[in-house]
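When you get a sec, could you build the whole thing from the sequences and use the hints?
Protein chains in written order, with our numbering: chain A, 1 to 164; chain B, 1001 to 1196.
No lab work stands behind these hints, which were simulated from the structure alone. One or more of the hints may lead you astray.
[Said to hold, decoys possible] According to the in silico footprint, chain B covers these stretches of chain A (three or more CB under 8 Å from chain B):
1. 63 to 73
2. 111 to 125
[Unchecked claim] One-sided and incomplete, this derived list gives chain B residues near chain A with beta-carbon spacing under 8 Å:
3. V1053
4. D1060
5. L1151
The beta carbon of each residue, even a glycine, is placed where N, CA and C say it ideally should be.
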Amino acid sequence: MGEIVSSANAGDVLACVGLGSCIGLALIDRRAGVAGLAHVMLPVSPGETDQVGKFADLAVPALVEEIGRLGAAKHRLDAVLVGGAAMFSFGTTGTTQEIGKRNEEAVRSALDATRIPVRAAETGGDRGRTMRVHVGTSRVTSREAAGAEIELYGDLAIDLRRAA
Amino acid sequence: MSTPIYSDVQLDALRELANIGSGQAAAALSQLLGRPVDISVPTAAALPLADAVAVSGDPDAPRYGILVPIIGDMDASVVLLVPEEDAVTLTSVFGLEPASEDGRSMLAEVGNILGTSYINVLAQMTGMGMEPAPPQVTHDMLGAILASVLLGRGDDVDVALVLDSALEVEGESCSMSFLLLPQPGGVDELLGRIGL
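So, in structure tokens, the structure goes:
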């Protein structure tokens, strides 16, 4: 949670297990075979912090930089988002949005600012999810509790959906 | 990274409050079920958020989660985590299934009774005003449940104070985990009230 991981080793699997209101943000350079994953917990950083993966506004540039060091090119990056669910209501006043939704919006606006397109997203709702990123094949999957794993991104996505 | 760490004396005091609170909660549950409910001595730990989730079990493991939000001088969450097979046993006491609407209502009522009696004890002992909100039941991944509870109010939580007791229903193989998770600032308020 709140961490950033990355890899250029084909066969590695990066995962965010049990995402609730948090967002799993994957950035992928398919051509270079590089992928990075951030487990974003909150929309905006409070100021000085070394926990860059925790906040959407800091996590996006930090993740871009980290996978850049592994050879990913910024203009080739695709983003995939999973999470941002509202599993509970905390009786906040009507104007206050749910934290999951705020997390997603903050991640999307940080991606917009960096001009990285969101190619797939499995967000919102009221169920927790586990996200996996397969380095090399660049497959990204999402699974809800007691649910089937669905493929959100990757070369095989369309073929698999037809076969299912 | 520096994190506020509670002293042993403070953690002891919090554990003792949790002990009395969860004892009262177990007595209330015992009345509802009509059979004795045993309770373990609670653990009290101040943990980084990720560790707080990790010590509670495999984040991917399915759980029935019952949340009772607490609002007042100390904002907090009471969370009951029930493994699937234990939820089956618990609801079977009333001839119900956990996945049915009535089963969920029963789980909500269990959370309500536990949470309310626990909070009443804390309120009495500390003089703090606290009100439970209606319980909410979910069936989901343990990690997703806890992270959503801890972060759900949008507060920046670095350290979670986890007061965890295990409840066992006698005569049935049924156990569950019972957590009090105060929001930031709540623990200091609580400790201040008891002079620590």
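Now for the hints, and whether the structure bears them out:
1. 63 to 73: violated (count 0)
2. 111 to 125: violated (count 0)
3. V1053: 7 Å, holds
4. D1060: 5 Å, holds
5. L1151: 6 Å, holds
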